[in-house]
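Chemist: The chain contents come next:
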Amino acid sequence: MLRETHRHYKFDWITIFLFLLLVGFGWLNILSASHTTETIDYWNFSEPYGKQLMFIFLTLGLIVLVLSIDSKFYERFSSVIYIISMLSLVGLFLFGKNVNGATSWYAIGGMTLQPSEFAKTATALAVAKYVSDMNTDIHKFKDQIQSFLLFAIPAILVLLQNDAGSTIVYAAFIFVLYREGLPKIYLILGIAIVILSLFSLKFGALITSIVAAIVLFANHFFTRKKPSLIQPILILLACIVLSSSIKFFYQNVLQPHQKDRISLWLRLEKDPVKLEVMKKTFAYNLNESEKAISSGGVTGKGFLEGTRTTGKFVPEQHTDYIFSTVGEEWGFLGSSMVVIVFVLLLIRILHLAELQKSQFSRMYGYGVASIFFMHFMINVGMVMGLIPTIGIPLPLFSYGGSGLWGFTILLFIFIKLDSNRINEW
Amino acid sequence: MRKFLLFFIIIAVGVIFIFRLFYLQVYTSQTHDLYEDNAIRKVFDYPKRGFVFDRNGELLVSNQPSYDVMFIPRDVKPLDTLEFCELLKINKDQFIEIYNKAYRYSPWLPSVFIPHLSKEDYAALQEKMRKYEGFYIQKRSIRYYQTTIGANVLGDIGEVNNAIIEKQPYYKMGDLIGKQGIELSYEKTLRGVKGIKFIQKDRFNRDIGPYKNGIYDTLPQPGEDITITIDATLQAYGELLMQNKHGGIIAIEPSTGEILTMISTPTYNPNLLVGRQRSANFSKLYNDTINRPLYDRGLQAMYPPGSPFKILNALIGLQEGVVTTEDRFSCNHGYSYGGRKMGCHGHPSPLAMNGGIYNSCNAYFANVYRRIIDKYKDPAIGMDIWSNHVKSFGLGNYLNNDLSVGQPGKIPNSKTYDQLYGKNRWGSTYNLSNSIGQGEVLTTPIQLANMVATIGNRGYYFTPHIIKKIEGETIDPKYTTPNHTTIDKQYFEPIVQGMFDVYNFGTASTVQIPGIEICGKTGTAENFTKINGVKTQLTDHSIFVAFAPKDNPKIAIAVFVENGYWGSRFAGRIASLMIEKYIKGYITRTDMEDWILTHSLENEYTKPYSGEPFGINGASTSQVIPLDESLRSKKPEDSNIKQ
Chain P
1 MLRETHRHYK FDWITIFLFL LLVGFGWLNI LSASHTTETI DYWNFSEPYG KQLMFIFLTL
61 GLIVLVLSID SKFYERFSSV IYIISMLSLV GLFLFGKNVN GATSWYAIGG MTLQPSEFAK
121 TATALAVAKY VSDMNTDIHK FKDQIQSFLL FAIPAILVLL QNDAGSTIVY AAFIFVLYRE
181 GLPKIYLILG IAIVILSLFS LKFGALITSI VAAIVLFANH FFTRKKPSLI QPILILLACI
241 VLSSSIKFFY QNVLQPHQKD RISLWLRLEK DPVKLEVMKK TFAYNLNESE KAISSGGVTG
301 KGFLEGTRTT GKFVPEQHTD YIFSTVGEEW GFLGSSMVVI VFVLLLIRIL HLAELQKSQF
361 SRMYGYGVAS IFFMHFMINV GMVMGLIPTI GIPLPLFSYG GSGLWGFTIL LFIFIKLDSN
421 RINEW
Chain F
1 MRKFLLFFII IAVGVIFIFR LFYLQVYTSQ THDLYEDNAI RKVFDYPKRG FVFDRNGELL
61 VSNQPSYDVM FIPRDVKPLD TLEFCELLKI NKDQFIEIYN KAYRYSPWLP SVFIPHLSKE
121 DYAALQEKMR KYEGFYIQKR SIRYYQTTIG ANVLGDIGEV NNAIIEKQPY YKMGDLIGKQ
181 GIELSYEKTL RGVKGIKFIQ KDRFNRDIGP YKNGIYDTLP QPGEDITITI DATLQAYGEL
241 LMQNKHGGII AIEPSTGEIL TMISTPTYNP NLLVGRQRSA NFSKLYNDTI NRPLYDRGLQ
301 AMYPPGSPFK ILNALIGLQE GVVTTEDRFS CNHGYSYGGR KMGCHGHPSP LAMNGGIYNS
361 CNAYFANVYR RIIDKYKDPA IGMDIWSNHV KSFGLGNYLN NDLSVGQPGK IPNSKTYDQL
421 YGKNRWGSTY NLSNSIGQGE VLTTPIQLAN MVATIGNRGY YFTPHIIKKI EGETIDPKYT
481 TPNHTTIDKQ YFEPIVQGMF DVYNFGTAST VQIPGIEICG KTGTAENFTK INGVKTQLTD
541 HSIFVAFAPK DNPKIAIAVF VENGYWGSRF AGRIASLMIE KYIKGYITRT DMEDWILTHS
601 LENEYTKPYS GEPFGINGAS TSQVIPLDES LRSKKPEDSN IKQ
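Protein chains in written order, with the working numbering: chain P, 1 to 425; chain F, 1 to 643.
Take these hints with a grain of salt, some might be off.
Each computed SDA-like pair below joins lysine to any residue, with the alpha-carbon atoms no more than 20 Å apart [said to hold, decoys possible]:
#, chain 1, residue 1, chain 2, residue 2
1, P, 184, F, 4
2, P, 184, F, 9
3, F, 212, P, 39
4, F, 212, P, 304
5, F, 212, P, 40
6, F, 3, P, 211
7, F, 212, P, 152
Distance ranges between label pairs, derived from CB positions [unchecked claim]:
#, chain 1, residue 1, chain 2, residue 2, range
8, P, 111, F, 162, 52 to 62 Å
9, F, 289, P, 268, 53 to 63 Å
10, F, 118, P, 258, 53 to 63 Å
11, F, 162, P, 272, 15 to 25 Å
12, F, 44, P, 302, 21 to 31 Å
13, F, 92, P, 252, 44 to 54 Å
14, P, 41, F, 105, 34 to 44 Å
15, P, 207, F, 105, 39 to 49 Å
Source of the hints: derived by calculation from the structure; they are not laboratory data.
Cβ atoms here follow ideal geometry from the backbone N, Cα and C, with glycine treated the same way.
Can you build the whole structure from these sequences, using the hints too?
Modeler: Laid out in structure tokens, this is it:
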């Protein structure tokens with residue numbers, strides 16, 4: 001069937017179907033979470049559901065545009081796209097609009113645009129391009145640092161704009177680099193530091209150090225090939241230093257609201273009076289969100305029938321907390337379905353990425369899956385109280401034009417790259 | 001391996017999420033209940049409480065608007081507190097206290113600032129209300145008593161407490177419920193059923209519209225109006241006569257069992273228990289342990305009935321065949337037995353039944369009683385037969401009627417004495433006082449009234465009740481079914497004649513009413529109190545029972561005046577006046593009325609508490625008070641008294 005003179009495009013309809021399913025169902029929930037009157041005017045642009053419907057229609061145009069550009073364009077111009085994107089982030093310091101404490105928006109006419117939503121795509125392209133370059137060897141330390149820098153720059157820029165949630169998303173690129181051969185030690189080190197930090201905050205430095213010592217020495221004595229004792233002792237020392245300094249970091253570096261969220265998540269507060277106060281202040285969103293989800297039961301209260309949704313009990317419900325609407329109105333069955341559809345989409349992207357012949361396409365696909373995954377895990381985990389409150393949207397679901405367009409571009413560039421797979425050899 | 005890391009993590013996260021959802025939505029979730037959902041405000045729509053009419057259609061109880069000053073603490077803006085406090089008649093400290101208390105309860109939910117403003121205070125406040133942001137006035141409906149009489153009959157309503165809410169979930173905090181009287185016994189009829197509106201709230205607790213367009217909302221059902229059997233005119237007259245006296249009057253219509261009057265004095269104005277001063281007034285009444293105005297003496301006071309009880313012994317003697325109307329017994333200023341003597345006053349001797357009744361001879365009834373108890377070899381058998389006969393007159397147990405309070409009284413049987421003296425270790429002389437209504441016998445005034453109604457009916461009674469009519473409902477059949485006594489009808493006529501002769505020649509000959517054939521019986525009951533732990537005898541209670549007319553009686557009455565000395569002195573006069581008032585509609589024995597209105601027993605009641613030594617009965621002083629002319633009954637020609 002291959003004809004060398006004509007390029008063949010074979011779009012992956014499964015991914016497109018899952019994409020449309022999530023966007024459509026997401027919009028129904030935005031409608032539920034944001035309608036205020038009994039009669040619903042779908043084209044009322046002063047209501048979030050009306051605006052989102054417009055965003056969705058514009059997205060269809062965007063998809064056509066992304067798919068019509070030659071797939072080589074994305075690889076060839078990835079560095080240009082990256083630089084423009086970074087400049088747009090830097091420009092925020094000069095022209096940005098502050099919304100809810102984060103300077104992440106450009107105000108253009110009556111609309112706002114969030115460049116960080118597009119920076120993820122640019123970074124995914126740049127990382128894929130850099131690592132897949134013939135001259136880059138991911139096993140070399142210098143190249144490792146340079147590839148880290150590629151996603152550390154946008155991560156730091158958004159952190160400086162007070163958008164810590166988006167910073168964490170850039171950690172997704174560790175998965176991409178690991179797939180391409182990044183030494184295991186980075187992953188182990190990262191996980192160890194996270195576990196050690198949380199353990200120290202929860203149980204204190206002393207207990208953490210003792211437990212670390214027991215684990216390390218037990219490991220040492222039960223290993224058949226006995227290396228010198230110096231290695232575990234050095235690791236232990238590092239552990240003690242980290243464990244003792246994490247409290248300082250927590251107390252002095254983190255902002256008060258971040259401390260509150262971590263304290264809530266790790267259940268650091270025991271005083272029942274203060275817990276009551278917490279429920280009314282910073283834990284309010286989470287508390288209401290859990291209550292709304294829980295009240296849905298097995299089958300949910302039905303579309304547009306959620307009493308807590310209609311009463312707007314969960315703040316920010318149509319944006320970051322959209323999943324609580326699913327929970328209340330569609331119940332366990334509906335929310336499980338959403339989780340399953342997300343998992344299917346992620347696995348589908350991973351599967352396609354593995355099928356790619358070029359390293360660039362594969363890495364980019366991995367980047368797409370990782371970014372979607374980070375958003376999905378953090379957002380849904382947060383809404384259900386499994387993860388401390390981190391304000392990032394649920395891809396394709398949450399209200400917001402920039403978010404929807406960012407994720408659409410991110411995904412459809414990959415669909416375009418994938419469709420070109422059969423033309424590469 | 002590197003290929004699968006992210007894949008596994010994604011699957012793991014998906015599984016964890018589904019488990020978490022299962023935990024939240026299936027494991028810990030409760031089924032959705034509109035009443036429990038705090039996103040839905042439940043607004044109750046209170047129906048009109050039913051009105052109360054007397055037997056002649058006179059409106060006794062209606063409703064009046066009451067104005068509560070409400071406020072939402074968070075919405076209150078700085079205001080001229082001095083002026084505001086002055087309007088509400090509170091001081092600044094109270095203002096701050098009420099405010100803080102409500103704020104602690106909830107800053108954004110409405111709380112009551114001042115309940116039940118009077119119309120005058122409301123009018124003054126209303127003009128300036130707009131100046132006080134965060135405050136508003138809520139109209140409620142409370143009771144309005146059109147009369148000052150019958151506090152014990154009508155009762156009152158008050159806010160429910162937690163114990164009631166737990167038992168009856170219909171009631172919510174702040175709801176009103178009948179607390180005493182017919183408000184309590186006919187609570188469900190009077191209150192109706194409140195309606196409910198479900199209103200969707202937002203997270204600031206603001207209403208944003210009816211939940212699902214109101215498909216679950218219900219309309220309130222108004223309470224039913226009721227007509228009670230009380231004759232308000234007679235009730236008012238009885239309360240007038242009982243001024244300055246403690247005691248009770250119960251009047252019953254024998255042919256129906258309807259309670260015509262139910263008086264307990266001292267009483268109070270029912271309007272005291274309405275509105276802003278309710279709780280203050282209630283505790284004042286509740287804590288008045290000398291007068292005990294909340295204690296219904298007509299229903300709750302158990303006294304030894306005294307002589308009226310003798311007529312039952314005569315009836316039982318006839319029924320058991322141990323005595324005939326012609327059997328004569330001699331009386332030598334009393335009845336001597338086993339070295340003891342039960343005294344009696346001076347009268348001709350020996351006496352047959354008729355004379356025994358109208359002279360109220362103790363010796364006569366001692367003989368009859370002994371014949372009843374000793375009819376069989378074992379006095380226990382005679383005792384139980386006697387006891388069952390007495391109980392068939394509605395004595396010794398709760399009447400089981402529609403009054404909110406009551407007492408069973410006490411009628412002994414063989415078990416009573418077995419417990420006191422041991423089996424087979426007692427005989428009729430051990431309880432001879434029962435023959436004259438003392439001893440172990442206790443009755444309430446309403447039981448006595450019912451007893452005399454039964455005699456008027458010649459052998460049956462309808463359970464005394466207070467409900468006459470409920471709109472659209474029939475009266476409970478237990479009030480329209482006669483209860484027959486164990487005494488055959490033919491034995492009643494000689495007894496009725498005896499009671500009639502009490503008025504003709506006997507102890508009540510001074511309280512006759514011209515033109516009405518009254519049958520009655522006086523009674524005098526010894527009574528004791530404890531003063532500083534010492535049992536002290538007080539002046540006897542004055543008791544009188546009567547029915548009239550002799551044939552087809554229209555009214556049966558029991559009057560009880562505490563420490564009134566002998567039966568005809570206070571109780572007899574009052575009973576005759578009440579009968580005349582009811583049957584004729586006006587009073588001809590104004591001399592008797594004047595005597596009652598000018599004689600007070602307040603001295604008698606304060607005497608035991610004075611700490612001074614005092615005498616009783618013959619040594620008691622009757623206190624004469626000036627006659628208030630306006631209280632006297634008017635002649636029929638110059639009045640419009642209902643006939």
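Chemist: Next, verify each hint and record whether it holds.
Modeler: Hint check:
With a C-alpha separation of about 14 Å, the suggested pair residue 184 (chain P) and residue 4 (chain F) falls inside the 20 Å cut-off, and the hint holds. The hinted pair formed by residue 184 (chain P) and residue 9 (chain F) meets the criterion: a straight-line CA distance of about 16 Å does not exceed 20 Å. For the proposed pair residue 212 (chain F) and residue 39 (chain P), the alpha carbon gap of about 13 Å is at most 20 Å, so the pair holds. For the hint pairing residue 212 (chain F) with residue 304 (chain P), the CA-to-CA distance comes to about 10 Å; that is within 20 Å, so the pair holds.
Simply put, residue 212 (chain F) and residue 40 (chain P) have alpha-carbon atoms about 15 Å apart, close enough for the 20 Å limit, and the pair holds. For a cut-off of 20 Å, the pair hint linking residue 3 (chain F) to residue 211 (chain P) is broken: about 33 Å separates their Cα positions. Using a Cα cut-off of 20 Å, the hinted pair residue 212 (chain F) and residue 152 (chain P) is violated, with the two alpha carbons roughly 51 Å apart. Hint check: residue 111 (chain P) to residue 162 (chain F), Cβ distance near 57 Å, so the stated range 52 to 62 Å holds.
Distance hint for residue 289 (chain F) and residue 268 (chain P): a CB-CB separation of about 59 Å, consistent with the stated range 53 to 63 Å. Between residue 118 (chain F) and residue 258 (chain P) the C-beta distance comes to about 57 Å, which sits within the given range of 53 to 63 Å. One distance hint, 15 to 25 Å for the beta-carbon pair residue 162 (chain F) and residue 272 (chain P), holds here, with the actual separation near 24 Å. Separated by about 27 Å at the C-beta atoms, residue 44 (chain F) and residue 302 (chain P) satisfy the suggested range of 21 to 31 Å.
A C-beta distance of roughly 47 Å is found between residue 92 (chain F) and residue 252 (chain P), which places it inside the suggested range of 44 to 54 Å. With their beta carbons about 40 Å apart, residue 41 (chain P) and residue 105 (chain F) fall inside the hinted range of 34 to 44 Å. Separated by about 43 Å at the C-beta atoms, residue 207 (chain P) and residue 105 (chain F) satisfy the suggested range of 39 to 49 Å.
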